[in-house]
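Protein chains: 2
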Amino acid sequence: MNAAIFALPGNETLAAALADRLQLEPGAMTLRSFPDGETYLRFDTPVSGRPVLLVCSLHDPDRKALGLLFAAATARELGATAVGLVAPYLGYMRQDHRFRDGEAITSAIFAQLLSRHIDWLVTSDPHLHRWKSLDEIYAVPSTVVPAAPLLAAWIRRHVDSPVLIGPDAESEQWVSAVAHIAGAPHVILQKVRRGDRDVIVRNSDPQLLRNRTPVLVDDIISTASTMIAAIQQLSVHGLRPPVCLGVHAVFAGDAHAELLAAGAAQIVTTNTIPHASNGIDINDAIANAVAAFLSEKS
Amino acid sequence: MNAAIFALPGNETLAAALADRLQLEPGAMTLRSFPDGETYLRFDTPVSGRPVLLVCSLHDPDRKALGLLFAAATARELGATAVGLVAPYLGYMRQDHRFRDGEAITSAIFAQLLSRHIDWLVTSDPHLHRWKSLDEIYAVPSTVVPAAPLLAAWIRRHVDSPVLIGPDAESEQWVSAVAHIAGAPHVILQKVRRGDRDVIVRNSDPQLLRNRTPVLVDDIISTASTMIAAIQQLSVHGLRPPVCLGVHAVFAGDAHAELLAAGAAQIVTTNTIPHASNGIDINDAIANAVAAFLSEKS
Chain A
45 MNAAIFALPG
55 NETLAAALAD
65 RLQLEPGAMT
75 LRSFPDGETY
85 LRFDTPVSGR
95 PVLLVCSLHD
105 PDRKALGLLF
115 AAATARELGA
125 TAVGLVAPYL
135 GYMRQDHRFR
145 DGEAITSAIF
155 AQLLSRHIDW
165 LVTSDPHLHR
175 WKSLDEIYAV
185 PSTVVPAAPL
195 LAAWIRRHVD
205 SPVLIGPDAE
215 SEQWVSAVAH
225 IAGAPHVILQ
235 KVRRGDRDVI
245 VRNSDPQLLR
255 NRTPVLVDDI
265 ISTASTMIAA
275 IQQLSVHGLR
285 PPVCLGVHAV
295 FAGDAHAELL
305 AAGAAQIVTT
315 NTIPHASNGI
325 DINDAIANAV
335 AAFLSEKS
Chain B
45 MNAAIFALPG
55 NETLAAALAD
65 RLQLEPGAMT
75 LRSFPDGETY
85 LRFDTPVSGR
95 PVLLVCSLHD
105 PDRKALGLLF
115 AAATARELGA
125 TAVGLVAPYL
135 GYMRQDHRFR
145 DGEAITSAIF
155 AQLLSRHIDW
165 LVTSDPHLHR
175 WKSLDEIYAV
185 PSTVVPAAPL
195 LAAWIRRHVD
205 SPVLIGPDAE
215 SEQWVSAVAH
225 IAGAPHVILQ
235 KVRRGDRDVI
245 VRNSDPQLLR
255 NRTPVLVDDI
265 ISTASTMIAA
275 IQQLSVHGLR
285 PPVCLGVHAV
295 FAGDAHAELL
305 AAGAAQIVTT
315 NTIPHASNGI
325 DINDAIANAV
335 AAFLSEKS
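Heads up: the sequence lines are chains A and B, in that order. Our numbering puts the first residue of the first sequence at 45, with every later residue one more than the last. Our numbering puts the first residue of the second sequence at 45, with every later residue one more than the last.
Careful, some of the hints might be misleading.
Each pair may be met inside one copy or between any two copies, as identical chains are not told apart.
[Said to hold, decoys possible] Mimicking SDA-like on lysine to any residue, the simulated pairs with C-alpha atoms at most 25 angstroms apart in a straight line are: (1) Lys235 with His224; (2) Lys235 with Tyr84; (3) Lys176 with Glu121; (4) Lys235 with Gly81; (5) Lys235 with Pro79.
Read the hints as simulated data drawn from the structure, not as lab findings.
Please model the complete structure; the sequences and the hints are all you need to start from.
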């Protein structure tokens, strides 16, 4: 029996694209809240005896976790042959270390919770910093779809004489990969974080940046405070307004407007999280990764 | 090492009461949201080598589940000898059957999620309808603190010539227990539910109710639509405005104001969920149940 694909709320576009490209049955699911705040979930399309794909990008994960776990557990109970999760953005990757005694390493706990209820996972560029691979915390096989080739292609098509700029050391892995593929130079700024939203950056060599179009690149744009601090530094050195590229358009609160106001010439993201800034379509690459899991199972 | 007790947000009063009565160390915990909506959690008081109690009443459980699971998992990771959960109101008890194909039986899935991360559970009057015992779905030992003796004592102290009224068949177990202890007669109305908030009730024998003070009793007051429908029926038969007693003050949205507007003479609940209507203190009974678990472990 062919696979059925179900969108958790807000993921309808990607689910429809995957259904279309991979010839999956578009599944209908009801997910709503009772008046007391508890979740009601129903698979309106039968799931017994077939692979089930759940599509749920995991930004704002606290609002989604229980519904997703209910869906995965119920699909198994009802006899799905496998439950795959397509989460283009994977939340809870940043708390990867006990920075102070007593802290929860939520990345690992969240991974264990999900791993118990799914059979495989497809995501794009999870924020791997101290964890070197999802396999360190996820007990199920996963495929990571890299956004770097897509970002590099976008830069080549849209930016003359780019220089890629990583706003902090954690961004180096993304920036160097994109720069390598795009055939462009890159520099990494130094960040000093003083709080969730209070960040300054430093760069020792602004000469590298002159006469080129600065392209700030990061994996996650959340509060945008890191990129905003980078823009301020570039501005001090008299550089052009930068293009800001992000893989994941988290944009907490008014972060998108604040990043524009801070002087971003343009803000472009992939569609791992649906957002007005999405300008780079990653769905084909995700479809390929999903197809590989489905063909293993059949 | 003596046990430490930690309040999840909103449960500080009960945690302090238990710490005081049982000579536990009041623990400090930081639980906050990052700007992107993810939860940060830290035990500020050490938990290693001692029993840990988490206090978290589970109304509005979708907002709380992940933080609670993070806390329980982290306490274990950090070497707590046992993790007990005190949840005076236990959410997700009502979806106890697949009423339609494809539905999630969330009571069982939620119970499995919690059971993996805790060692014991104390709650008060969980909504056991099709499940006859928490042991059917919870894999850990639990103690259920009955509210009936407290409701009965309140009625004897405050109501002359009461007749207890159960607004629907599901309420019969609570109402008959309270009536028996209070030494009062009781009747059960018949409910026809047409939607989450659309309920009518019927009663074949209004004569039983005359010349007595009607006391509506239920375990959970959520939308209050069941009690409101009951009040309307009592009013049609010319009975006095009833006293409304509930164990758990869920009160979704404006339900409390609507129940008053519908003609409740008084609304009184226990403090399993902190609410302005709390008039019956269940904390001593909960402390006794907790003490029993702690003495087993020591």
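| message | Of the numbered hints stated earlier in the document, which are not met by this structure? | response | The structure conflicts with no hint, since it agrees with every one listed earlier.
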